[in-house]
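Colleague: Listed below, chain by chain, are the residues.
Number of protein chains: 2
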Amino acid sequence: MMIERLGVVGCGLMGGSFALAARAHGLVREVVGYSPSASTRAAALAHGVIDRAVDHASDAMNQADMVLLAVPVAATAHCMALAEQALAPHALLMDVGSTKADVVQMAQQHLGARQANFVPCHPIAGSERAGVAHAQANLYRDRRVILTPAKATASDAVAHAQSVWQALGARVTRMSPAAHDAAFAAVSHVPHLLAFAYMLGMIGQPEFDPWLRLAGPGFGDFTRIAASDPTLWRDVLLANRTQVLAQTQAFEQALSTLTQCLAQQNADGLHQLLCQARDARGQWTLRAD
Amino acid sequence: MMIERLGVVGCGLMGGSFALAARAHGLVREVVGYSPSASTRAAALAHGVIDRAVDHASDAMNQADMVLLAVPVAATAHCMALAEQALAPHALLMDVGSTKADVVQMAQQHLGARQANFVPCHPIAGSERAGVAHAQANLYRDRRVILTPAKATASDAVAHAQSVWQALGARVTRMSPAAHDAAFAAVSHVPHLLAFAYMLGMIGQPEFDPWLRLAGPGFGDFTRIAASDPTLWRDVLLANRTQVLAQTQAFEQALSTLTQCLAQQNADGLHQLLCQARDARGQWTLRAD
Numbered sequence: 001m002m003i004e005r006l007g008v009v010g011c012g013l014m015g016g017s018f019a020l021a022a023r024a025h026g027l028v029r030e031v032v033g034y035s036p037s038a039s040t041r042a043a044a045l046a047h048g049v050i051d052r053a054v055d056h057a058s059d060a061m062n063q064a065d066m067v068l069l070a071v072p073v074a075a076t077a078h079c080m081a082l083a084e085q086a087l088a089p090h091a092l093l094m095d096v097g098s099t100k101a102d103v104v105q106m107a108q109q110h111l112g113a114r115q116a117n118f119v120p121c122h123p124i125a126g127s128e129r130a131g132v133a134h135a136q137a138n139l140y141r142d143r144r145v146i147l148t149p150a151k152a153t154a155s156d157a158v159a160h161a162q163s164v165w166q167a168l169g170a171r172v173t174r175m176s177p178a179a180h181d182a183a184f185a186a187v188s189h190v191p192h193l194l195a196f197a198y199m200l201g202m203i204g205q206p207e208f209d210p211w212l213r214l215a216g217p218g219f220g221d222f223t224r225i226a227a228s229d230p231t232l233w234r235d236v237l238l239a240n241r242t243q244v245l246a247q248t249q250a251f252e253q254a255l256s257t258l259t260q261c262l263a264q265q266n267a268d269g270l271h272q273l274l275c276q277a278r279d280a281r282g283q284w285t286l287r288a289d
Numbered sequence: 001m002m003i004e005r006l007g008v009v010g011c012g013l014m015g016g017s018f019a020l021a022a023r024a025h026g027l028v029r030e031v032v033g034y035s036p037s038a039s040t041r042a043a044a045l046a047h048g049v050i051d052r053a054v055d056h057a058s059d060a061m062n063q064a065d066m067v068l069l070a071v072p073v074a075a076t077a078h079c080m081a082l083a084e085q086a087l088a089p090h091a092l093l094m095d096v097g098s099t100k101a102d103v104v105q106m107a108q109q110h111l112g113a114r115q116a117n118f119v120p121c122h123p124i125a126g127s128e129r130a131g132v133a134h135a136q137a138n139l140y141r142d143r144r145v146i147l148t149p150a151k152a153t154a155s156d157a158v159a160h161a162q163s164v165w166q167a168l169g170a171r172v173t174r175m176s177p178a179a180h181d182a183a184f185a186a187v188s189h190v191p192h193l194l195a196f197a198y199m200l201g202m203i204g205q206p207e208f209d210p211w212l213r214l215a216g217p218g219f220g221d222f223t224r225i226a227a228s229d230p231t232l233w234r235d236v237l238l239a240n241r242t243q244v245l246a247q248t249q250a251f252e253q254a255l256s257t258l259t260q261c262l263a264q265q266n267a268d269g270l271h272q273l274l275c276q277a278r279d280a281r282g283q284w285t286l287r288a289d
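If you read the sequences in order, they're chains A and B.
End of the first sequence sits at 289 in my numbering; the numbers just go up one at a time, nothing left out.
End of the second sequence sits at 289 in my numbering; the numbers just go up one at a time, nothing left out.
Isolated chain A (complex conformation):
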């Protein structure tokens, strides 16, 4: 499965790590990279992430056998419109976005006949340290990558995408775009929304500063995701707002049940609910199988 030319559009942590991993596993002969910023292109060259930098996204797509879109969601539609023109008929096109129904919709609107070539991907990987300088060849090893093929996606494109991610050491799962977005609203997007909301509720109060000095490790864990990138999370939350709002309602209902127990001093009811929550969390472990 030698890829003669890999095009990377967006040479950040995700795109740069994909290029490094593909090279480390001997999958590619040449990596052509594009980023809008000249300094990012220079850094990608300097770190050996790409072999050649190009000044236009289209030039990273022309004559490539495989193209990875690793750009902010706001830039995705424009890149797809370029790909509709530039992508070779045999090429595989993948993205790495955290939401999938919106990306599939963009593909319908902008990719034309190249929808068949496009496999929407969500690698569950990342780092709080963004940027090409932190790209690493093992970012995707033993991490889960979810493929959410659309109706228009060719089945051999899905099989090809799966074999590429598996070659990089990732565990591949297939889901529908809608099932993906519901699941990640529940397990990722809503926790981020709640952690952001909790911090906002705190800073709205005058005692905020002295209170925060008393906060301990539990606070630190609970709020860690509130330190995430606001631009990325604005885009994720907006892109998946229907599922996020539905999951937020499920949370609010559960919170209301708990606060009613508290207000009514219903010790037994409260204890029963806390035991259910504790049991569910106690049984959870991080896994990528």
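What the hints contain is simulated information worked out from the structure, not anything from laboratory work.
Idealized CB from N, CA, C, for every residue including glycine.
Check the hints yourself; a few may be wrong.
Covered stretches of chain A (in silico footprint by chain B; criterion: 3 or more residues with CB under 8 Å from a CB of chain B, positions within the stretch not fixed) [claimed, not checked]:
{"#": "1", "stretch": "205 to 215"}
{"#": "2", "stretch": "230 to 241"}
{"#": "3", "stretch": "257 to 266"}
{"#": "4", "stretch": "278 to 286"}
Given chain A's structure and the hints, the job is docking chain B onto it.
Modeller: Below, chain B without anything else, positioned relative to chain A:
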């Protein structure tokens, strides 16, 4: 500051670690311990946490110069009623509970003249591994301990308590019981309530199991405190329910502001709020000074 006899009522992680620390720092000549369970008393003796086990809580108070109450909140009032009879007029009495206004109220009702001897304490220390087997002499070193003297507390008792905790390596802060409970509702009790509520909202949905298999490290951090002891947290939440419910309202208001931005697709407003939350969390670090 030699303590001839330390009485420990409740030889668990907190009480046992206090005894070990006091001995390690050469503060005590004899430790007398009580726990309702014979096997805990035997383990406390076997681990060298106490010198002598007694069958009644009163016997750990009689003739002691210092008594630490380290029992569940449900047992505190009864222990105070015993202390009112058993405690020597010169003895220092301390507790280690996570809420303080309720303990001060119990002292008013049950301690009589010995209210002067009682210094309510909240050491910000602990471990997910409870029990005397995990007691350790350095549990309180470099950790914050908050003293919340009541109006009836003698000022020399507060000074004595402060010097004892400092001798164990802890950093001592003084606050009013009400200020303490408001602060910990904000930075600890509400995060626990929200993490429990989030897990409850999850397990109420049929897709719960497959969703949880997709959850990543962010989910793990956010929900870690939902694995906490339900009995302890039932008691903390009920004891501090007024402050917890007030802080929950502040959270709900902030969440509502965020979900309105989402529903209205107000990208700029959402971004601004996420930036505020991120900045506040980004500046926070764990500290005990």
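Colleague: If a hint holds in the structure, say so; if it doesn't, say that too.
Modeller: Okay, the hints, checked on the actual structure:
Restraint check on the stretch 205 to 215 of chain A versus chain B: 9 residues with Cβ-Cβ distances below 8 Å, three needed, restraint holds. With 7 residues having a Cβ less than 8 Å from any Cβ of chain B, the stretch 230 to 241 of chain A passes the three-residue criterion, so the hint holds. For a cut-off of 8 Å, the count of residues in the stretch 257 to 266 of chain A with a CB near a CB of chain B stands at 6, and the three-residue condition holds. Coverage of the stretch 278 to 286 of chain A by chain B holds in this model, with 6 residues showing a Cβ closer than 8 Å to a Cβ of that chain against a need of three.
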